[in-house]
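From first to last, the protein sequence lines are chains A and B.
1428 is the number of the first residue of the first sequence in my numbering; add one for each residue after it.
109 is the number of the first residue of the second sequence in my numbering; add one for each residue after it.
Since the hints were derived computationally from the structure, they do not count as laboratory data.
All figures in this text were calculated on a predicted structure; none of them were measured in a lab.
All residues carry an ideal CB built from backbone N, CA and C; glycine is no exception.
There may be inaccurate statements among the hints.
[Stated by the list, open to error] Where chain B lies over chain A, by a calculated footprint (3+ residues, C-beta under 8 angstroms):
#1 1461-1468
#2 1472-1486
#3 1730-1737
[Stated by the list, open to error] Here are the simulated distance ranges between beta carbons:
#4 V1597/A / E435/B: 49 to 57 angstroms
#5 P276/B / A1496/A: 41 to 49 angstroms
#6 E365/B / T1451/A: 30 to 38 angstroms
#7 P1549/A / L164/B: 39 to 47 angstroms
#8 R391/B / T1451/A: 21 to 29 angstroms
#9 E365/B / V1452/A: 24 to 32 angstroms
#10 A1496/A / A482/B: 52 to 60 angstroms
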Amino acid sequence: MTVVELDPSGPSWSASSDVPRPITVRRGFGDRVFRGLAVAAGATTFVVMGLIGLFLAVESWEALQVAGAGFFTDSAWLPTDDPPVFGIAALLYWTVVIAVIALVLAVPVAIGTALFINEYSPRWLRGSLTGLVDLLAAVPSLVYGMWGFYFLQPRLIGLSSWMADHLAFVPVFEVRTDKFASSAFVAGVVVSLMVVPIVTSVVREVFSQAPQGEKEAALALGGSRWGMIRTVVVPFGRGGIVGGSMLGLGRALGETIAVALIISPVFEISPRILEQGANSIAAHIALRFGEASGVALSALVAAGLALFVVTLVVNSLSTIIVARSRSGQGIEL
Amino acid sequence: MTVVDVRDHDAPTVATGAPAVVERIRPRALRPLDVGLFAGSVVAGGALAWLVFFRLTPMGGGLGFVLGWWVASLFVYRTVVHRHLGRQAATDRVMAVVVGSAAVGLFVPLVLILFFVLQKGITALNWGFFTETLEFTGPLSPADEGGALHAIVGTLQQVGIAVVCSVPLGIMTAVYLNEVRGRLRRPLRAVVEAMSGVPSIVAGLFVYAMIVANSGSIPVIGTVVSWLPFSGRFSGVAAGLALSVLMLPTVTRTAEEMLRLVPGGLREASLALGAPEWRTALRVVLPTARIGLVTAVILGVARAIGETAPLLLTAFGSASLETNPLEEQSSLPLFVYQQIRSPEQAQIDRAWTGALVLILMVLILFSLARFFGARSKVARR
Chain A
1428 MTVVELDPSG
1438 PSWSASSDVP
1448 RPITVRRGFG
1458 DRVFRGLAVA
1468 AGATTFVVMG
1478 LIGLFLAVES
1488 WEALQVAGAG
1498 FFTDSAWLPT
1508 DDPPVFGIAA
1518 LLYWTVVIAV
1528 IALVLAVPVA
1538 IGTALFINEY
1548 SPRWLRGSLT
1558 GLVDLLAAVP
1568 SLVYGMWGFY
1578 FLQPRLIGLS
1588 SWMADHLAFV
1598 PVFEVRTDKF
1608 ASSAFVAGVV
1618 VSLMVVPIVT
1628 SVVREVFSQA
1638 PQGEKEAALA
1648 LGGSRWGMIR
1658 TVVVPFGRGG
1668 IVGGSMLGLG
1678 RALGETIAVA
1688 LIISPVFEIS
1698 PRILEQGANS
1708 IAAHIALRFG
1718 EASGVALSAL
1728 VAAGLALFVV
1738 TLVVNSLSTI
1748 IVARSRSGQG
1758 IEL
Chain B
109 MTVVDVRDHD
119 APTVATGAPA
129 VVERIRPRAL
139 RPLDVGLFAG
149 SVVAGGALAW
159 LVFFRLTPMG
169 GGLGFVLGWW
179 VASLFVYRTV
189 VHRHLGRQAA
199 TDRVMAVVVG
209 SAAVGLFVPL
219 VLILFFVLQK
229 GITALNWGFF
239 TETLEFTGPL
249 SPADEGGALH
259 AIVGTLQQVG
269 IAVVCSVPLG
279 IMTAVYLNEV
289 RGRLRRPLRA
299 VVEAMSGVPS
309 IVAGLFVYAM
319 IVANSGSIPV
329 IGTVVSWLPF
339 SGRFSGVAAG
349 LALSVLMLPT
359 VTRTAEEMLR
369 LVPGGLREAS
379 LALGAPEWRT
389 ALRVVLPTAR
399 IGLVTAVILG
409 VARAIGETAP
419 LLLTAFGSAS
429 LETNPLEEQS
439 SLPLFVYQQI
449 RSPEQAQIDR
459 AWTGALVLIL
469 MVLILFSLAR
479 FFGARSKVAR
489 R
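Take the sequences, apply the hints, and build the full model.
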């Protein structure tokens, strides 16, 4: 029972004193238990996040001591050699390359889809389209990987070789073998499919908060639909586009099974994304975990810690950016 | 939505011969000319792409041709509309096509995936898939032998454990965020947000390090964990815990959104009648949002059921039926992953069937979530 009562030691009522009476809240037993449970549940989330960082740090300590600074600069992964040599340079590089390819493909599609759902599609279709986007997000990563390997890859190889033939003056499209399968490009295309739904839902939400009055004003001034989008919706949602893309980046960096199914692992840094061979931290952990023990296992945990830190930073930045763009900045009505 | 027609704004229409008759502008009316222009452009673009990809620079492949067709059609369409209706209309029309094709480009893969998995998975689908295990099935057995009963049982148990762990926690956290509104509200929301971005493999590594390996390198926690009946080995429970780490933020966020939809007047009415906070939350707020909460749980399950990476590090897999989740277990994603990576065609066929069952489970869960979600919207009004 919540009881609001007068503080007995407080000032007594008189016409002269305008001091507000101090209010104290005395909660009943049930309420205190209820609040305690809710706080405990909330605290669990903090504790779990803390434990993730703590356990990864402690378990990777052994490997980090063995590798020293080389953990960030070496590209080879030979933790069972004597002396052991391993580092995440190449892994991190390829992780970022795959994520960037995925984003370059996913962001325009996501923006287009968000605009289509919000501005072009008839109202009755909107709910179903949003549901389909959510469904794309719910398709397991494993299924994307299998589909990418068996269906998409044979059809992408033609495009890869065409780009290598005709666009080789751009360094990233150069190839030095005639093997185009299992490349960073194929992995990036598959990951882009998984990233699109997340980016779309963030961008769509921010776009839908564009002020209706300004949109109608743009149309009333004789602007075309695209003119209205270009001058009102997109500038308003710029923060959402950046934040949503970074959220997608966080997902793309952590993508495991689909990448593991498609790539054939390499441990050297090369700018040639079309030819066979790529890698990623998450896929590397999944592929090597079964055979690892001792320092090798600790090294995998250390790689996982690096991935955890990177995704945490990227996601936190994206959350901040999206939250800013939602706070109503830039609305002048 | 107000839609303004741009067709006739800054350029004269084609038929400017006869004066006086002002054509009425009907927004969204589709005129034969529009359809003709668009269809003509697509045909012309196709011809252009054919020339480029099959005559000038051969060996482009089917996908390259489709992309080239799209670009060429857009180019032709822009030129033609520009000539007829002017620059502004041309930009507007072209961007409408671009935006529309982005949406199509997103949904085409979904349809392709569903059909491909169906086509591949149906070959090895038989009743035995749901009643047998891989205990007596070798790599060379035909695809219609053996099944995934052990994997399905494992998945159900592990997801069940994840639900039991994460749903009460998630809903209570949502209650804290939206009903109690304590001091930790903002940092907690940020942490939930950050937790939803934890890569699944990292969640697996965490549970592996804390429970499966339990090397005791952290003094107090290590000792406490070693008292648990499932510490120190691979087990279904460990897999369930890894999944619950992934489910918790999904459940919390969705549940919080659902609680936010409960009208404040209901809370105030309850409090004004003298009900304490806990009674208000338990008897008024949560029951009002119950359908939304079911949606939250289903969405969390849909995310957890297809996760493979954390299971590799926690459940480890097994070929026989293991109904005790304290032991090493298989699960459907793990089953599919292990079968698809093998060289034998029969095993790959079995993997596709597993993928089909998995995707059907996701689809069913998803339809349920949509169904309940739609009902919760009705309840709000």
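Checked hints:
1. Coverage of the segment 1461-1468 of chain A by chain B holds [criterion: at least 3 residues with CB-CB distance below 8 angstroms; count 7].
2. Coverage of the segment 1472-1486 of chain A by chain B holds. Counting CB-CB distances below 8 angstroms, 11 residues qualify, and the rule asks for three or more.
3. Residues of the segment 1730-1737 of chain A with a Cβ under 8 angstroms from some Cβ of chain B number 3, which satisfies the need for three, so the listed coverage holds.
4. Evaluation of the 49 to 57 angstroms hint for V1597/A and E435/B yields a pass: the beta carbon distance comes to about 54 angstroms.
5. For the pair P276/B and A1496/A, the supplied restraint of 41 to 49 angstroms holds, since their beta-carbon distance comes to about 45 angstroms.
6. The beta-carbon spacing between E365/B and T1451/A, approximately 34 angstroms, falls within the hinted interval of 30 to 38 angstroms.
7. For the pair P1549/A and L164/B, the beta carbons lie near 41 angstroms from each other, so the given range of 39 to 47 angstroms is met.
8. With their beta carbons about 26 angstroms apart, R391/B and T1451/A fall inside the hinted range of 21 to 29 angstroms.
9. Under the hint 24 to 32 angstroms, the C-beta atoms of E365/B and V1452/A, about 28 angstroms apart, fit the expected range.
10. At about 56 angstroms, the CB distance of A1496/A to A482/B agrees with the hint of 52 to 60 angstroms.
Violated hints: none; the structure is consistent with every hint.
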